[in-house]
Amino acid sequence: MTATVGTGRLVRVCALDDLTPELGAAALVAGEQVALFRLADGSVHAVQNLCPFSGAYVMSRGITGSKGDEPTIASPIYKQVFSLITGSCLVTMDKEPVDSGEGGLAVFRVVVDNGDVMVESKEAE
Amino acid sequence: MSQHIVVIGAGMIAQRFVEALVDRDQDSDFHVTVIGEEQYLPYDRIGLSRIFAGDDPSSLTLGEPMLWANSKVKLRRGVRATRIDRASREVHLDDGSELPYDQLVLATGSYAWMPPIHGSTLEGVFLYRTVEDVARIQEWAAKVSASGREPRGIALGGGLLGLEAAGALKAMGIGTTVVQASDRLMNVQVDEGGGHALTRLIERLGVEVRLNAFSDTFLGNDDGEIAGLRFTDGEEIPADIVVVSTGVRPRDELARDAGLEIGERGGVVVDDSCRTSDPHVWAIGEVANIQGACWGLVAPGNTMAEVAVDSLLGGASQFPGADVSTKLKLLGVDVASFGDAFARTPGALELVYSDPVAGVYKKLVMTDDARTLLGGILVGDATAYASLRPMVGAELPGDPSVWLLPEGGGGEKPQLELPDAAAVCSCNNVTAGTIRGAVADHECHDLSSVKACTKAGTSCGSCIPLVKKVMGEEMAKQGLVASNALCEHFAMSRAELFQAVQVAELDSFSAIVERFGSGRGCDICKPTVASILASLYNRHVLAEGRAGLQDTNDRVMANMQKDGTYSVVPRIPGGEITPEKLIVIGQVAKDFDLYTKITGGQRIDMFGARLEQLPAIWSRLVEAGFESGHAYGKSLRTVKSCVGSTWCRYGVQDSVAMAIALELRYRGLRSPHKLKLGVSGCARECAEARGKDVGVIATEKGWNVYVGGNGGFTPRHAELLAEDLDDESLFRVIDRYLMFYIRTADRLQRTAPWQEDFEGGLERLKEIILDDALGICEELDEHMSRHIGSYEDEWAAVLRDPERLKQFASFVNAPETPDPSLAYVESRGQRRPATREERESGPVLIAPTTLEVRS
Ligand code: SRM
Ligand SMILES: Cc1cc2nc3c(=O)[nH]c(=O)nc-3n(C[C@H](O)[C@H](O)[C@H](O)COP(=O)(O)OP(=O)(O)OC[C@H]3O[C@@H](n4cnc5c(N)ncnc54)[C@H](O)[C@@H]3O)c2cc1C
Ligand code: SF4
Ligand code: FES
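Line order of the protein sequences matches chains A and B. Count the first sequence with our numbering and you get residues -3 to 121, in order. Count the second sequence with our numbering and you get residues 15 to 869, in order.
Calculated from the structure, these hints are not laboratory results. Do not take every clue at face value.
[To be verified] Think about it this way: if two alpha-carbon atoms lie no more than 20 angstroms apart in a straight line, the pair counts; the simulated SDA-like pairs of lysine to any residue are:
id, chain 1, residue 1, chain 2, residue 2
1, B, Lys820, A, Ala11
2, B, Lys341, B, Thr445
3, B, Lys715, B, Tyr664
4, B, Lys820, A, Cys10
5, A, Lys91, B, Thr445
6, A, Lys118, B, Ser835
[To be verified] Pulled a few chain B residues facing chain A out of the computed Cβ check, cut under 7 angstroms:
id, residue
7, Leu81
8, Ala561
9, Gly562
10, Gly578
11, Pro829
For glycine and all other residues, C-beta sits at the position ideal for the given N, C-alpha and C.
Take the sequences, apply the hints, and build the full model.
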């Protein structure tokens, strides 16, 4: 079940009920690894599953939290903290990303429709 | 218009210069171009030997890379300056271009000097100064090692760098001889007695030492490769590789050609503001000849960088003289030398302690009244260095000999209050006064802000404990409490939160953060709260709503590895295991293609399990009678044992039985940090119990119990808490000790630092635990018995619960699909994660196994 919005496609990933609040889950979206988070306030966020500081696909297994007002996710490997809204790295733990770059996470748009969680694939149709 | 500074050389001191300039030049009076001949960003030359230990050269990069993104700063790498035209104020570069300057800074460092020995151009003879040198040495060492015979190496030069080179050769598995022309090793830093001790210690490590040895000719084979070394007395020794470290010489050639004043023994002469004989040209670091000498150490160079920046910005800083104190660990041997190490001050007294058997030599140099410390030399045991070096020039309270005697042999060491002028961080020349100022005047109230403000502790890091101590004392003086806040969400320390949660009887994170904190929590406070709840209520780590609080390790009850897979460690209590169980582990590892390794904790680790494979692996293990070994939790890890009286002819008690009993008693106990115990069957201590949080050593009459030991980076021996206990009393004492620690320690504070910081020390702990001075023993006992009674295996519990099993899906929309990014390489008969380079170069990969699993 897909629908077109913006540049990418919306891909149905799972039911909202499949996501435990505050507990991440990985998903494959059009071949790409995405980390999904359902927060206690009901919002659902999706970012790349690749941790830029370790090169491992583990973001879904990090700990959610907040920094100021911003909901965050901490990588389980070296504990960098990222914004779930912008994807930018808020705490680098004095480390460099493995691919020289800013070390942020790509953010995917999520739509929850009628109990279904849909993620916008980065690939244009 | 802003002035243009050109810096020639992009080494350690150039880096410091640019950092200081960017930091201080707020009005943007200057912009800088740095010309570096090496291909790398300025790197930590001191750390070169870490590359031999496997570190990537890029890990040596200094400072924040953002420095080079600053628009005022430009770094040109791989370009050499060939000539300075002082008249037109231009630097000529080897790419044919010219660069005009307003101010020129020479930071060209030194080159490693090759002594005039015949045959120095043979293949296999190396200098040791740069990353490239290291690469060449490694390549050659690999070649000679592959040739099949036992390679032999020579480290020519027995100074600091020569011994470091010897260490590197040894680390590459090459039999090594240190050849030194002087009568002792490290003759610049240590005296005769120190030299003797050093030679003995190094020989014990299997490195040969030749003193008073004058080299004449490098001998070659027919292929022009090194084959040996002939001394001037005609003796020859064989060699497949030679690393020469016989000194450095300043790279002053540009300055010489430009007609700047050069010192008698080289180096660009500068005044105390680092200015050369040309007012537009400055020199800093090893190339500079300041106060009549060139300094081959980072600390004086950094000072010069700061002084030069200050002068350029119109300040009046003067080079205060060099602190040449050094503390090193060479080949694992501690060597330190500080202040007036050779007692050159008139009337100086030398206090010497030497233990040739232990290989320890210590000397303090004092003023003639034996009160003021002037300097010292420590070989074999340099633990006193951090306390003593900053006291140079100050009175040592009490009897100075307590600093010389071995730990425990000389009474209590007095508490030292450092004078303001005492250098705390010698790499960055930061005094105790500066740190106090940062606390008092710049509101730096934690370590990271003190580091950022003063730069103390940002280079080699060896001063950090002292920085913390000075900071803590100053904060106490200001009436400030070093903030114990757990994180931005909780203003309390872990110990305070523990009590608050216990008193309020709260049992969920949301209730706790609402009552005592703010926000949604984070990766620091959530696992802490989870640990507190586990300690208090002994419920499963994944019980209702708890999973999201845990680090991934606790969440999936395995240890995450660098590629996102996990390792699995079943409990093997006391290290005792039947052949049948060994076979089961082997079979499971084989079926799931897991890399296996014996751990340092007397058990077996299986690596490379994917999230979705964990339940199947556990079910095989649980079926065979294994349970989780809690290798992941902040909880009891292992109880190490020696074989004890059942087999060992010296054993006086059954140490294995006791280790098993203790491991089963405390398994699953959640704590502020991990817990390790050890039990030895006699005083020979083969279980290394005194290196553990709790160490039990058998006596003829029962058990002695020692507490607060630690391995890790700061090892510490456990201290005697009680003697000759029977089994029941032993359990009771340990129960109370552990429970009291769990209730009062900080987050991630092991027992050793907890005990060290505990007010009243071990004596007070004894009163609390043995004499019930606080009247809490009953409660502690009761809490521990609740823990023991409610223990259940976490793996088995998950396997019984379909809801929790769902959390072990690789992808929510493809639960069994392996992470497609995983890739492995075979190595020594097993697989290991492919490195980035191996992934990029492609062909070596083994895809993750998707082996059929019977469950
Ligand atoms: C597997 C093992 C190495 C091995 O292959 O032998 C190991 C592996 C790790 N150790 Fe260790 N340590 C292992 C024995 C030790 C020992 C030796 C011992 O237990 O006798 C020590 C020194 C003793 C001590 O703890 O006092 C040790 C001192 C450390 C430390 C330093 C602790 C300290 O107080 O300074 C850390 C870092 C930390 O915990 O903060 C650490 C951390 C780690 C971590 C957790 C690092 C990490 O976060 O990945 C490693 C987990 C790997 C994994 O996935 O299993 N490991 N580690 C050993 C497991 C023993 C076991 O059976 O459970
Ligand atoms: C293995 C080793 C271990 C050491 N251990 C310690 C220690 O424990 N403690 C300690 O205090 N010190 C130690 N040192 C010494 C320390 O590394 C030096 O004191 C420090 O690097 C000096 O810094 P510098 O910037 O003056 O020179 P360097 O770091 O040598 O930098 C000079 C740079 O200038 C470049 N350069 C030179 N000429 C030109 C040119 N014409 N054009 C362009 N670029 C040029 C060079 O290529 C080099 O990159 C050690 C050194 C080595 C090699
Ligand atoms: S943490 Fe322990 S196991 Fe891991 S590399 Fe360091 S010493 Fe080895
Ligand atoms: S002494 Fe090296 S960083 Fe402070």
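Note to self: Quick check on B/Gly578 please, does its C-beta sit within 7 angstroms of some C-beta on chain A?
What the structure shows: holds (4 angstroms)
Next item on the list: Double-check B/Pro829 for me: the hint is only fine if its C-beta lies closer than 7 angstroms to a C-beta in chain A.
Entry: violated (10 angstroms)
Next item on the list: Hold the hint about B/Gly562 up to the distance rule: shortest CB distance to chain A must be less than 7 angstroms.
Entry: holds (4 angstroms)
Next item on the list: Compare the distance between the alpha carbons of A/Lys118 and B/Ser835 with 20 angstroms, and conclude whether the hinted pair is satisfied.
Entry: Holds - the C-alpha atoms of B/Ser835 and A/Lys118 are around 18 angstroms apart, at most 20 angstroms.
Next item on the list: Using Cβ atoms only, decide whether B/Ala561 comes closer than 7 angstroms to chain A, and label the hint accordingly.
Entry: holds (6 angstroms)
Note to self: B/Lys715 and B/Tyr664 were given as a pair; does the straight-line alpha-carbon distance stay at or below 20 angstroms?
What the structure shows: holds (15 angstroms)
Check: Does B/Thr445 lie within 20 angstroms of B/Lys341 when you go C-alpha to C-alpha?
Finding: holds (17 angstroms)
Margin query: Can you verify the interface hint for B/Leu81: is its Cβ closer than 7 angstroms to any Cβ in chain A?
Written below: This hint is violated: B/Leu81 lies away from chain A, its Cβ roughly 13 angstroms from the closest one there, beyond 7 angstroms.
Notebook entry, point to check: Given the proposed pairing of B/Lys820 with A/Cys10, does the C-alpha separation stay at or below 20 angstroms?
Noted result: Since the Cα atoms of B/Lys820 and A/Cys10 sit roughly 13 angstroms apart, the hinted pair holds (cutoff 20 angstroms).
Notebook entry, point to check: Are the Cα atoms of B/Lys820 and A/Ala11 separated by 20 angstroms or less?
Noted result: The hint holds at about 14 angstroms.
Item checked: A/Lys91 paired with B/Thr445 [C-alpha distance capped at 20 angstroms] -> violated (28 angstroms)
Checked against the numbered hints given earlier, the structure breaks hints 5, 7, 11 and satisfies all the rest.
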